[in-house]
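Undergrad: Hey, can you work out the whole structure from these sequences and the hints?
In the order they appear, the protein sequences are chains C and U. This note's numbering puts the first residue of the first sequence at 1, with every later residue one more than the last. This note's numbering puts the first residue of the second sequence at 1001, with every later residue one more than the last.
Hints may be right or wrong, so weigh each one.
[Unchecked claim] Below, computed lysine-lysine pairings styled on PhoX-like, alpha-carbon distance capped at 25 Å:
no., chain 1, residue 1, chain 2, residue 2
1, C, Lys256, U, Lys1101
2, C, Lys301, U, Lys1074
3, U, Lys1101, C, Lys301
4, U, Lys1101, U, Lys1074
5, C, Lys301, C, Lys325
6, C, Lys65, C, Lys48
7, C, Lys256, C, Lys301
By construction, these hints were calculated from the structure, which means they are not laboratory data.
What follows is each chain in one-letter form.
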Amino acid sequence: MKTQAVIDADAHNYINSIADLLPYMSERWQTYIRSSGMQMPPVSHLPKLYELAARRDAWPPGGGKPGSDPDFMREQLLDAWNIDAAVLNPLVGVSGIRNLDLANAAMRAVNEWVEAVWLSADERWHASITVNAYDAEASAAEVRRAAQNRRFNQVLLLVRSHAPYGRREFRPIFEAAADMDIPVGIHFGGGTGNPITAAGWPSYYIEDHTGMTQAFEAQLISLVCEGVFQSIPSTRVCLIEGGFAWLPALMWRLDKNYRGLRSEVPWLTEFPSEIIRRHFAATTQPMEEPEDPAYLLDIFKMLDCDQFLLFATDYPHWDFDAPDKAIPSVVPDDLRQKIMRGNALKFYEFQNL
Amino acid sequence: MSSRTFDIGPAEAFPIGEPRRVAVNGRALAVVRQPNAIYAARDVCPHQGARLSDGHATGTALPCLPGEEIVFGKIGEILVCPWHGWEYDLRTGRSLIDPEKTRIRTYPARIENGRALVEM
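TA: Right under this line is the structure:
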């Protein structure tokens, strides 16, 4: 059964290997990669229990990794679910390459590969711009280059970073995004050597996966408290694959602390929760699934911002959210329509919809 | 109801910059004398009831953009709650973070002939 047309704010396309990027790299780096046998660094650390964290049925019948075949992904995601726009977030470990020149070459190669292989394959694909978090100046230049193609409609950062993104070293990336009038997406994953929880290394993927919200909290707090939105008022940030039910409690806590600690961050002249509601959005997947679905309505009420949530599938991952089932039936139709489509239309300003 | 003027003691009973608690007409006030002014406010923080007279009178970091020099201003005009650090402007009673909703009642005060006077 066809569902109403929806927008998918988070889907993943994959390279099969670093070889897919070689056509977009200079002779110097092609030779370097071939002769060294280098592989792309991973964007996560623990075995994910499901290979490549993928749905079992997402392996393309013609071979290759889940998310690597534009035709199969079009059929299994866009056509199957009547998705008329999807934002591709390629999870390539560019920031894990320690050689900055090579990392920057890989960064650009990923974006050129996305443009050549994906954006040209179907106009429903849109994509985030891959950047190198360790080189903000080079990343900013790449954002300004890539975003000339308006179907690149977001900058992609991974939530587990070497330092929180509000710090001034990252400001050029946010300036470039604002200059190109696109949001910055902060996506689940990453890994730079820092322990992946605030209490050190866990043992299991279930801990890794559940504890990711810590990193989202750290990034959100940093972006607000460092004054990114005062320095660059047009900045918009999408929290991708981090959930959202934790946000009301964080807003309460941050507002409370602001009352007593404001003088430390005098650029903040309003409550942090007001800044968060104005500048942030979040994708739905993986939806929190409370024992009583109606609890979600309470969370929506606490968020007090019906433009906040953007539906996402996270295809081809094992925790895929189905467009017709993920948002429980207790959610009223007008809000459901905003979540499934309207909010993303406003947030990403798709040029062709 | 017209206000009355109360003599709350000699000016030197209120050391410059040090909040003092006084009971006036059945109300507890936090009184702060500065070189060119004296302020009086209800001695109760509306948050959790701390005595503001146990806090300190100081200045505050004025609003600025990130990266700009942070200027410490309103010196002597800010009363900070001793418990959770909420800041109040002694001239208006308004809190710095939520001036419309979070405020303390202030009363006109002055020094006359070496005496501290409050109108209530």
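Undergrad: Indicate, hint by hint, whether the structure satisfies it.
TA: Outcome of the hint check:
1. C:Lys256 x U:Lys1101: 14 Å, holds
2. C:Lys301 x U:Lys1074: Cα-Cα ~39 Å, so violated.
3. U:Lys1101 x C:Lys301: Status holds; Cα separation ~22 Å.
4. U:Lys1101 x U:Lys1074: Distance ~21 Å between Lys1101 (chain U) and Lys1074 (chain U) Cα, so the pair holds.
5. C:Lys301 x C:Lys325: OK: Lys301 (chain C) and Lys325 (chain C) at ~21 Å, within 25 Å.
6. C:Lys65 x C:Lys48: Since the Cα atoms of Lys65 (chain C) and Lys48 (chain C) sit roughly 15 Å apart, the hinted pair holds (cutoff 25 Å).
7. C:Lys256 x C:Lys301: The hint holds at about 19 Å.
When held up to the earlier numbered hints, the structure conflicts with hint 2 and nothing else.
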